[in-house]
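Asks: Sequence:
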Amino acid sequence: MAETYDYRTAERKWQQRWDEEGIYRAREDEDRPKYYALEMLPYPSGDLHVGHAKNYTLGDAVARMMRMLGYNVLHPMGWDAFGLPAENAAIQRRADPNVWTRENIANMQRQVRLMGTSYDWSREIATCDPRYYRWNQWIFLRLYERGLAYKREAPVNWCPNDQTVLANEQVIDGRCWRCDHVVERRNLSQWFLKITAYADRLLADLEKLRGWPERTRTMQRNWIGRSEGVQLSFAVETSEERISVFTTRADTIFGATYLAVAPEHAVVEQIVTKKHQNAVRDFAESLKSRSELERTSLMEKQGVFTGAYAVNPLSNERIPIWVTNYVLAEYGTGAVMGVPAHDERDFDFARKHGLPVAQVIVVPGSDIEAPLQQPYTDEGRLIASGDFTGMTSMRARKAITDRLVALGIGEAQVNYRFRDWLVSRQRYWGTPIPIIYCEQCGEVPVPDNALPVLLPQNVPITGEGSPLARDPAFTNTTCPKCGGAAKRESDTMDTFFESSWYYLRYLDPHNDQQPWDPAKAKHWMAVDQYIGGSEHAVLHLLYSRFFYKFFHDEGWVSESDEPFTRLFHQGMVLYNGEKMSKSRGNVVGIDQTAEKNGVDAMRLFLLYVTPPEDTSDWTDEGISGRVRFVNRVWRACEPFFDRARSVDVRALPQVSASEEKALVRAVHVAAKSAIDETLSRRFHYNATIARLDEYVNALTALEQSAPDSAAVLYAVHALPLVIAPFAPHIAEELWARMGHTSSVHLERYLEPSEQALAVDEITLVVQVNGKIRARLQAAPGISEDQAFELAMQQSAVQAQLDGKQIRKRIYVADKLLNLVAG
RNA sequence: GGGGAAGUGGCGGAAUGGCAGACGCAGCCGCCUCAAAAGCGGCCGGGUAUCACCCAUGAGGGUUCGAGUCCCUCCUUCCCCACCA
Numbered sequence: 001m002a003e004t005y006d007y008r009t010a011e012r013k014w015q016q017r018w019d020e021e022g023i024y025r026a027r028e029d030e031d032r033p034k035y036y037a038l039e040m041l042p043y044p045s046g047d048l049h050v051g052h053a054k055n056y057t058l059g060d061a062v063a064r065m066m067r068m069l070g071y072n073v074l075h076p077m078g079w080d081a082f083g084l085p086a087e088n089a090a091i092q093r094r095a096d097p098n099v100w101t102r103e104n105i106a107n108m109q110r111q112v113r114l115m116g117t118s119y120d121w122s123r124e125i126a127t128c129d130p131r132y133y134r135w136n137q138w139i140f141l142r143l144y145e146r147g148l149a150y151k152r153e154a155p156v157n158w159c160p161n162d163q164t165v166l167a168n169e170q171v172i173d174g175r176c177w178r179c180d181h182v183v184e185r186r187n188l189s190q191w192f193l194k195i196t197a198y199a200d201r202l203l204a205d206l207e208k209l210r211g212w213p214e215r216t217r218t219m220q221r222n223w224i225g226r227s228e229g230v231q232l233s234f235a236v237e238t239s240e241e242r243i244s245v246f247t248t249r250a251d252t253i254f255g256a257t258y259l260a261v262a263p264e265h266a267v268v269e270q271i272v273t274k275k276h277q278n279a280v281r282d283f284a285e286s287l288k289s290r291s292e293l294e295r296t297s298l299m300e301k302q303g304v305f306t307g308a309y310a311v312n313p314l315s316n317e318r319i320p321i322w323v324t325n326y327v328l329a330e331y332g333t334g335a336v337m338g339v340p341a342h343d344e345r346d347f348d349f350a351r352k353h354g355l356p357v358a359q360v361i362v363v364p365g366s367d368i369e370a371p372l373q374q375p376y377t378d379e380g381r382l383i384a385s386g387d388f389t390g391m392t393s394m395r396a397r398k399a400i401t402d403r404l405v406a407l408g409i410g411e412a413q414v415n416y417r418f419r420d421w422l423v424s425r426q427r428y429w430g431t432p433i434p435i436i437y438c439e440q441c442g443e444v445p446v447p448d449n450a451l452p453v454l455l456p457q458n459v460p461i462t463g464e465g466s467p468l469a470r471d472p473a474f475t476n477t478t479c480p481k482c483g484g485a486a487k488r489e490s491d492t493m494d495t496f497f498e499s500s501w502y503y504l505r506y507l508d509p510h511n512d513q514q515p516w517d518p519a520k521a522k523h524w525m526a527v528d529q530y531i532g533g534s535e536h537a538v539l540h541l542l543y544s545r546f547f548y549k550f551f552h553d554e555g556w557v558s559e560s561d562e563p564f565t566r567l568f569h570q571g572m573v574l575y576n577g578e579k580m581s582k583s584r585g586n587v588v589g590i591d592q593t594a595e596k597n598g599v600d601a602m603r604l605f606l607l608y609v610t611p612p613e614d615t616s617d618w619t620d621e622g623i624s625g626r627v628r629f630v631n632r633v634w635r636a637c638e639p640f641f642d643r644a645r646s647v648d649v650r651a652l653p654q655v656s657a658s659e660e661k662a663l664v665r666a667v668h669v670a671a672k673s674a675i676d677e678t679l680s681r682r683f684h685y686n687a688t689i690a691r692l693d694e695y696v697n698a699l700t701a702l703e704q705s706a707p708d709s710a711a712v713l714y715a716v717h718a719l720p721l722v723i724a725p726f727a728p729h730i731a732e733e734l735w736a737r738m739g740h741t742s743s744v745h746l747e748r749y750l751e752p753s754e755q756a757l758a759v760d761e762i763t764l765v766v767q768v769n770g771k772i773r774a775r776l777q778a779a780p781g782i783s784e785d786q787a788f789e790l791a792m793q794q795s796a797v798q799a800q801l802d803g804k805q806i807r808k809r810i811y812v813a814d815k816l817l818n819l820v821a822g
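Sequential numbering of the first sequence, starting at 1, is according to the working numbering.
Bear in mind the hints are in silico, worked out from the structure with no lab data behind them. We treat Cβ as the ideally placed atom computed from N, Cα and C, and that holds for glycine. Be a bit skeptical, because a hint or two may be false.
[Unchecked claim] In silico DSSO-like cross-links for lysine-lysine, where the CA-CA straight-line distance does not exceed 30 Å:
id, residue 1, residue 2
1, 487, 522
2, 352, 274
3, 34, 481
4, 288, 301
5, 520, 151
6, 194, 672
7, 151, 596
8, 194, 208
9, 151, 661
10, 34, 661
11, 352, 275
12, 481, 208
13, 352, 288
14, 661, 815
[As the list claims (entries may be wrong)] Label-pair distances were calculated between CB atoms; the ranges are:
id, residue 1, residue 2, range
15, 679, 205, 45 to 53 Å
16, 760, 810, 34 to 42 Å
17, 173, 614, 21 to 29 Å
18, 98, 210, 22 to 30 Å
19, 21, 205, 25 to 33 Å
20, 512, 415, 24 to 32 Å
21, 810, 584, 53 to 61 Å
22, 512, 687, 40 to 48 Å
23, 208, 275, 20 to 28 Å
24, 587, 6, 38 to 46 Å
25, 392, 584, 39 to 47 Å
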């Protein structure tokens with residue numbers, strides 16, 4: 001009676017063994033090339049589902065492949081453990097955020113292990129651990145010393161539901177990224193990180209990131225939003241005030257027919273005339289009470305006249321100053337020159353409010369006297385522009401900028417769309433910001449030797465206001481400078497702070513002298529392959545690049561100033577075509593799936609169902625195909641354990657029959673596919689697993705017809721080696737059954753042999769005028785003339801050539817012969 | 001409105017410019033069985049005159065001896081950004 005494969009027992013046994021023997025532990029080793037494989041660290045929300053599993057399975061297959069290809073692989077895992085869900089659990093069911101998070105970590109760690117992943121658990125981190133967030137505070141202080149962390153009052157995004165501020169990157173379509181509540185604008189004093197100081201490098205270095213998806217680079221480019229232009233000021237007729245505007249189209253300055261100012265702009269109060277005061281105030285008030293979402297979705301351009309006029313510094317024309325809803329207070333100077341003839345928004349606004357449209361650029365091929373029916377936003381040759389008339393737009397921009405500089409009222413300027421990163425949060429479950437406020441000394445940083453500033457336990461969390469601010473035991477302290485009574489900062493850090501540098505802590509997770517040893521960073525960085533969802537294309541990936549450039553400037557990391565050499569976004573997993581969610585109750589959990597199908601089948605299915613970057617659909621029928629595959633692998637090997645033992649898998653078997661050669665070839669084709677997909681970084685293991693199917697199908701077939709063949713014994717013994725990165729448990733079990741005492745995962749991968757991959761016979765396609773008329777079996781390397789002779793003997797070819805002359809012969813060696821006739 | 005990616009059987013998908021549909025799922029037929037499950041074998045884009053030929057990779061054009069693949073136009077879907085001056 002044949003023994004059947006018991007995946008439950010085998011999986012448990014091998015996971016335990018790997019753990020005990022620490023076979024995935026990484027050590028610095030100068031003799032082998034290093035490879036840092038990393039998946040984005042998860043938030044410990046409670047349970048893993050097959051969506052997580054896809055991410056970790058892909059990363060694990062890559063790490064295992066690289067390990068078997070001779071690389072010294074670092075593959076760590078940890079927990080992004082601070083954040084709002086823990087606090088919400090505290091509010092809803094009085095759970096302690098610390099206990100809640102620890103329990104979730106324990107459960108998710110169990111599930112990640114259950115998947116048979118090859119992580120080095122000795123490097124595990126949790127960001128809510130004081131031994132970790134201590135270094136958050138340390139890094140914050142270094143940023144502070146460099147002037148890269150600062151506090152200021154600014155209009156910020158406030159989520160009334162989560163009772164905290166949000167970074168611009170966390171506001172999606174005017175809504176909170178976590179709870180989807182409409183975000184409000186508030187003027188608050190908050191901590192910022194000066195990411196804009198790195199704007200140019202963050203933008204320019206995107207060019208270096210050839211191993212990143214193009215669309216992610218484009219998204220970052222657009223998010224940074226660099227634009228070159230000139231900032232110039234207009235005199236106000238009845239006031240000492242001047243109004244600065246930013247424009248990328250200085251060449252259109254003679255076409256300015258009004259100035260448009262944001263309602264929040266400080267100059268408005270100074271210049272507005274008595275007569276217009278009420279209208280302007282009402283207008284500003286009507287906008288203030290609206291959320292940013294309402295304001296921007298309102299698209300319709302509105303505005304009121306201030307009664308004041310400005311003077312165009314080059315044409316000396318007098319133009320009215322309007323307050324409008326379409327000028328953003330936070331971008332540029334909060335004011336723009338309105339050029340209706342050459343800007344779509346200005347055109348809309350001017351037409352609505354009866355402002356003149358002054359054309360200053362020639363529209364090619366049209367009568368310049370005819371009034372413009374639509375704005376002309378392309379470049380061209382200038383008219384009606386004083387000294388600059390006749391110049392091209394490009395030349396005029398330069399000349400006009402030079403003139404404005406000479407007049408002392410303008411300068412060339414670069415503006416960025418993105419803003420500094422708002423990092424303070426009015427929440428409990430995060431890293432305390434290590435700053436103390438003293439009445440005598442002002443803002444004082446906590447000294448390094450007083451770190452960490454511990455997050456206090458047992459603080460009441462109600463969901464209203466900042467919990468730390470209401471805890472006097474925490475806020476009351478003494479000033480590190482003068483020793484007098486002082487107050488601690490009660491805000492905590494955005495959790496993206498922790499995740500911006502965690503990949504460095506893995507290198508040196510137990511260091512209590514510094515966040516990491518720069519020598520270790522020199523050895524292991526940069527991350528060779530980073531794998532995670534595309535939802536972090538801007539947020540986490542931009543922040544991390546910023547941090548890493550700062551670390552590089554400080555000399556804490558060497559080599560590159562980019563942390564992630566190659567990036568891969570895996571697609572999400574649906575269930576029966578629908579998004580999985582707790583509320584729908586259609587989440588496919590890891591525990592049930594592993595129990596029902598086995599982990600190897602689950603891993604194989606996730607890699608097989610689609611290319612990894614595509615959205616995959618989990619179906620119960622689909623996984624059954626891989627369960628069948630695992631069982632087929634077992635049945636193909638089980639009767640041959642004893643005989644296959646003595647076969648040397650590192651030497652090709654002596655075989656002559658074509659079926660035997662075909663089987664040996666199938667083994668090597670599969671191995672080559674696995675290697676090619678890994679080294680090309682395409683990771684299309686769906687194709688590799690199809691080759692594994694063919695391998696096992698060929699093996700099963702030959703076992704029927706020639707069970708004693710050397711090819712069968714070779715293919716049986718090689719199978720665990722070839723499937724090891726994808727189905728690690730059954731691979732290990734088979735390997736052990738064939739007499740090996742050390743792990744298959746520490747073996748070198750099967751090296752594809754040219755000889756084994758070679759074919760005895762090729763099929764040569766014969767075309768006449770591009771249509772297939774015959775197929776010839778021939779030896780590889782057949783000459784064109786020989787092929788032609790054989791082709792001409794084919795009746796189907798003769799029939800097509802009947803009465804025609806061959807004008808041309810196209811020959812692709814070992815593939816095709818095309819006869820062009822007419 | 002701008003930018004990006006993609007359209008191939010009932011489904012997921014495969015195919016360095018060279019045999020379209022590998023491999024699998026579902027389905028159908030058969031073997032095994034008292035029966036079922038499992039397993040094994042076969043069929044499985046459409047048409048017709050079925051050991052053969054014709055049509056077929058969203059639609060239309062182009063380049064080429066040859067196009068699913070490259071170029072242009074259009075249609076559709078998905079994603080991202082969206083008053084950034």
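Asks: So which of those numbered hints doesn't the model satisfy?
Replies: 1, 3, 5, 6, 7, 9, 10, 12, 15, 16, 18, 19, 20, 23, 24, 25
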